[in-house]
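A.B. asks: Spelled out, the chains give:
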Amino acid sequence: MSRLIDKKLSRRRFLGLSSCTLATAVVGSQVKVLRALATSGDISAPVAGKDDSIFTTCGMCVNKCGVIARVRDGVIRKLDPNPNFIKSRAMLCARGNAGVQLVYDPDRLKYPLIRTGERGEGKFRKATWEEALDLVAKNLNTIADKYTRAGVMFASTEGTYQDHFFNQLAECFGSPNTVRHPTLCLSSNIQGFSATYGTNPTPDVLNADYIIMSGANRSEALITPDSIDMLKGDGGRRKIIYLDPRFTKTAAKADKWFPIKAGTDMAFILAMIHVIVTEGLYDKDYVRDNTVGFDKLLPHVAPYTPEWAQGACEIAADDIRKVAREFAEAAPKAVYYQGRRSSFTSNDTQMRRAMAILNAIVGNWDVKGGMIPNAGIKLTPHDYLAPWYDDVPGRIDADSVAFLSEKDGSWPVVQERVLAAKPYPIKGMMIYKQNVLASVPDRAKTVKMMDQMDFICTIDITMSDAAWYSDVVLPEATYLERLDPIESLGGPVPVAVFRQPAVEAKFESKPCLWIMQELATRLGEEIAETFNFTMDEYIHHQVKDNPKILVDLKEKGVYFERTEPDYGSTVGKKLKTISGKIEIFSQRYADKGLDPLPVYSSPQAIPAGKFRLIVGRHAFFTHGTTANNAYLHEIMPDNTLWLHSAAATQAGLTHGQRVKVRSSVGEETLSLEVTDKIRPDCVYMAHGFGVMSKGLSNIYGKGGCDAALIETKYCPISGNAAMHETLVEVVPA
Amino acid sequence: MKNKRFAIVLDTNRCIDCKACTVACKTENHVPLGTDNYRNWVGPEPLRGTYPDLGQSFTPSQCQHCSNPPCEHVCPTGATTVTPDGIVHVIEHKCIGCKYCMTACPYDARYYNEEIEAVDKCTFCSQRIYGENGQLPACVETCPTKVRVFGDLNDPNSDVSKLLAKYPSRVLKPAQGTKPNLYYLI
Chain A
1 MSRLIDKKLS RRRFLGLSSC TLATAVVGSQ VKVLRALATS GDISAPVAGK
51 DDSIFTTCGM CVNKCGVIAR VRDGVIRKLD PNPNFIKSRA MLCARGNAGV
101 QLVYDPDRLK YPLIRTGERG EGKFRKATWE EALDLVAKNL NTIADKYTRA
151 GVMFASTEGT YQDHFFNQLA ECFGSPNTVR HPTLCLSSNI QGFSATYGTN
201 PTPDVLNADY IIMSGANRSE ALITPDSIDM LKGDGGRRKI IYLDPRFTKT
251 AAKADKWFPI KAGTDMAFIL AMIHVIVTEG LYDKDYVRDN TVGFDKLLPH
301 VAPYTPEWAQ GACEIAADDI RKVAREFAEA APKAVYYQGR RSSFTSNDTQ
351 MRRAMAILNA IVGNWDVKGG MIPNAGIKLT PHDYLAPWYD DVPGRIDADS
401 VAFLSEKDGS WPVVQERVLA AKPYPIKGMM IYKQNVLASV PDRAKTVKMM
451 DQMDFICTID ITMSDAAWYS DVVLPEATYL ERLDPIESLG GPVPVAVFRQ
501 PAVEAKFESK PCLWIMQELA TRLGEEIAET FNFTMDEYIH HQVKDNPKIL
551 VDLKEKGVYF ERTEPDYGST VGKKLKTISG KIEIFSQRYA DKGLDPLPVY
601 SSPQAIPAGK FRLIVGRHAF FTHGTTANNA YLHEIMPDNT LWLHSAAATQ
651 AGLTHGQRVK VRSSVGEETL SLEVTDKIRP DCVYMAHGFG VMSKGLSNIY
701 GKGGCDAALI ETKYCPISGN AAMHETLVEV VPA
Chain B
1 MKNKRFAIVL DTNRCIDCKA CTVACKTENH VPLGTDNYRN WVGPEPLRGT
51 YPDLGQSFTP SQCQHCSNPP CEHVCPTGAT TVTPDGIVHV IEHKCIGCKY
101 CMTACPYDAR YYNEEIEAVD KCTFCSQRIY GENGQLPACV ETCPTKVRVF
151 GDLNDPNSDV SKLLAKYPSR VLKPAQGTKP NLYYLI
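Residue numbers (my numbering), protein chains in the order written: chain A, 1 to 733; chain B, 1 to 186.
No lab work stands behind these hints: they were computed from the structure. Remember, predicted model here, so these are calculated numbers, not experimental data. Fair warning: there could be bad hints in the mix.
[Claimed, not checked] With the Cβ distance kept under 10 Å, some of the chain A side facing chain B (calculated, not the full set): (1) K422; (2) P423; (3) H623; (4) A630; (5) R679.
[Unchecked claim] Simulated crosslink set (PhoX-like; lysine-lysine; CA at most 20 Å straight-line): (6) K232/A to K166/B; (7) K284/A to K581/A; (8) K284/A to K296/A; (9) K87/A to K556/A; (10) K146/B to K87/A; (11) K378/A to K581/A; (12) K422/A to K87/A; (13) K232/A to K146/B.
Ideal Cβ positions, reconstructed from N, Cα and C, are used throughout, including at glycine.
Construct the entire structure; sequences and hints are all you get.
C.D. replies: Okay, here's the thing in structure tokens:
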């Protein structure tokens, strides 16, 4: 399964590109200086030590914002936003600021550890790197001999910039079974929009006059620059319509909040399309010239009237009509914002298709205030020749869903098939900073999946639940201690970023590249050959065709080629769809036996005494990884179960009491929060609590774990987990 | 040279209660961990209305750097003092920890710092604003949605002066006569 890269890059050629070393670049006079603030003399100036300001990028979440690390006497004192970093509008959120704690966290992993007790018991002994790496390599080879190389799965995080090296090791080791986060996050979004536009565009939030958000809580699930740009500018002309079963902080900022029935967004969207096409409010010229299948859309949406939708999604027909008309009126500076996470229902890909179609018919494609295709910064990739192994079968989750991502896989499917050992057994697990026990639905099932492994190794910076269940735990250097490759952050205004160490790696922690190189050496010469470079060489190779990238990164901490989107760059060009146009009707879906136009299906009815469990983000944690950070922990020390006051009264439950939440796969105990900020038929709990690892000392024993309750369900088109299809009961603890 | 009159103007309509200001302040100013220790905070206001017609506001707050500061008046040792640029601050070694100032402050903007054994509070990040690079206060610089604008009210061309000239604003607890220098746009 390993793919042969056409050309093998010799070390000599690779090295020949550049031989100079990459000295740490520090911030000089480029930082914006506040005008004329003279010293009053009354407050003594801070004691000066060895002072450095170092450009790097944040590693606390997916946004990767520009950071200046303020270092004095070898200690990081403060992380400031990089004022040059246009993507995040020169800001740093609570997590970004709390990153300083990561390096000095008493809970961080300090040495390689080898398990001594039962798996999950938490008994480890300190080991040398030599011993730990030997043990990992030995186990990988033993499993490969017994079960083929596909018998080891590789689960990876995203955004460390060194995840490329982990995935390279997987490929060169010869396992097809890499599994990454998208099916726990946004793969339905990518699938649904790509099926329509050939790409997943970015809404031009800054310039849109009318924004509809559903399933995208941007004031809490921060995405830069959208979370900043969505707020009204001077003049306040922007209107935000927000659909969510919860009254979130985004709802507090919206012009109108509709507490939509969970899992029915598609009904709302189809009814909007119905109004816009039947009232002739769509962009007729645009649709005629740039789309295919509009003729089939008309009869398709005929039954989806606002009155019908009112029954489905519980938003008044008149309101749907009003929103649809306003949306069409504001177009093309109007977007139905598709958000990021699309792990809501098993019909999520088709719901995203409906969103894409709605955007298409008002002609907002690639215009100011509309949906903008993403661009990137061109970097020279590091080519390598992965060894070929004849006896390795295809992915374990092959043919499970209509459009499986070859590199990302589908987490829910992998979990089920590994447990069933079908079509073959997987007995080894390499994990890079993905906290699979907190993020994959049905934690008990994930534990079982791990129980049947012969060997598990986790590379992380803290004792995550996944690390806690591992046989070998390897400590990685934090993002503030590493030199990381250059990364292009795609978007309408793409930027290139990198990381350089603010301080030396503490304890015995090592960067992922070093760990991969050491493992590769132990796994064989052919694999080691692909890792025969230093990070300096790698970075210089990335910029060999455009050295200015590195110059700018050193001087400004960020590289960009424009400050405004290149609107209209795709106008008159073929899109990456089969027809080259926007595909309202998808022949590709029809050929696969899928609905070529989005067909509504109702979510499972909620029986009396049960509630739909919904999950969601807030601005303090990133997934299952930062809840233990002391600065963030004190903002949110625990999670609660949200329940509407009317439902609580009916169930005889009171605010603050301990309750058990029970689904078909698990039971968690936490405190009840009686609030009117949620629909009476849903309950909500924040992610990141109810951990199993005692190595997370701040949060161990606090709150409940959503992954322990969510059942394994997924979208049959994208393989994206469906996290809002679990019904629970709530009883006094 | 003319003194400054430092102030912060806040547009709370932009506040999303993300707590970036609080964490930035804590790390910048070595505020000890713990929920009783803070130089600034964001107060989620009570929910307004009834379901499903709800509303909520978020109000960031901190020391108001009053022109008539009650904390200064009650301090028995002169530890709390005001700089010529209007920054109300505590001289650490003069503070005896009697906490009169904490009681006197109508804004609950002070806490007792066990580590330095003195009362501590916002200084507009004087170490930053008077520092070599003339940085903004940490909370102002880091704020994702730019709720806060910092500047000199004595300079009519400063952003704070311009904002206050353009938009109506209010101060917190005006009846106390403290003459705060944090202005909330209405």
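A.B. asks: Okay, which hints does this one fail, numbers in order?
C.D. replies: Of the numbered hints given earlier, those the structure breaks are 1, 2, 3, 11 and 12, listed in rising order.
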